[in-house]
Amino acid sequence: MMIPLSYYVVVSALMFVIGLVGVLVRRNFLIILYSIELMLNAANINLVAFSSRLQSHDGQILSLFVITIAAAEAAIGLAIIVVLFRRRATTNVDELNLLKW
Amino acid sequence: MTQSLFFFYFAGVTVLSSILTIGLRNPIHSTVALLSALLHVAGIFILLHAEFIAAIQIIIYAGAILVLYLFVLMLLNQKETETIVNRQYHLALFFGAVIFCEILLALFQSDFLQSNFLNVETPVLKATAGIAYNNTASIGVALFTDYILQFEIVGVLLLGGIVGALVLAKQTPTR
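Residue numbers (the numbering used here), protein chains in the order written: chain A, 1 to 101; chain B, 1 to 175.
Derived by calculation from the structure, the hints in this document are not laboratory data. For every residue, glycine included, the Cβ atom is placed at its ideal position computed from N, Cα and C. It is possible that part of the hints are untrue.
[What the hints assert, rightly or not] Computed beta-carbon distance windows for the label pairs:
hint, chain 1, residue 1, chain 2, residue 2, range
1, B, 97, A, 98, 28 to 34 Å
2, A, 87, B, 140, 43 to 49 Å
3, A, 100, B, 2, 50 to 56 Å
4, A, 100, B, 5, 47 to 53 Å
So here's chain A without its partners, still in its complex pose (with noise of 0.2 Å):
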């Protein structure tokens, strides 16, 4: 049997929403990375499930960059957040309002 094409959408919407209710709410930096972490993977379940459909493998290929591209993201969130917690000794988004209007 196989799976309908929709069941896919569903799961990976739902995943994007998590994501993106986590980048909303939570206060700890790490966690807004990992929730950027959940909107990518979303997206890449997006790309692999439509490549799988249409007999093509250049959504695999763009999911090889989008993995790519996160880890270079994790890379430098990660060292932001090294200097922010030298610098302030918090990694709570609330405390860091320098930049704010």
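Here the structure of chain A is known, so what remains is to put chain B in place on it, guided by the hints.
Chain B alone, transformed into the frame defined by chain A:
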């Protein structure tokens, strides 16, 4: 039958682990939940016959990125806070639900779920007919022929990431 059983297992645990990732108080527990979510996403990839992406997902995400996160998590000695969420979390939950409903609405009103969309004979399939579809070799061939420019650009991006992380995290000498 077995396939749908596996699909519902992987999908359910993925969504549950995602909720736990953003809901747990202890960041270490969040990391373990994120690991579980990533591994089950790899299971979904295997169900979609994307074995190479599943292996990359496990090696790079679960193996490299998550270990990097854990290292930094252990490095920072975070103090416990009594509240883990912002003040405006009601608003965020509400708008999250609205956006989810909007995605579902757009999904089920569009025509890509119709069978004629999915059974369309794509020209890509004919172009790669000489190579066995969907194994590591065919992805590799496409990566080094059609996508060579993008591949190089991503390599430069990774180099920029390395340099940026080094410049940011470099210990400045105390004055």
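Each hint, compared with the structure:
For the hinted restraint 28 to 34 Å between residue 97 (chain B) and residue 98 (chain A), the CB-CB distance of approximately 33 Å keeps it satisfied. Range check, residue 87 (chain A) to residue 140 (chain B): Cβ separation about 44 Å, and the 43 to 49 Å hint holds. In this structure the supplied range 50 to 56 Å holds for residue 100 (chain A) paired with residue 2 (chain B), their Cβ-Cβ distance being about 53 Å. A hinted range of 47 to 53 Å for the beta carbons of residue 100 (chain A) and residue 5 (chain B) is consistent with their spacing of about 50 Å.
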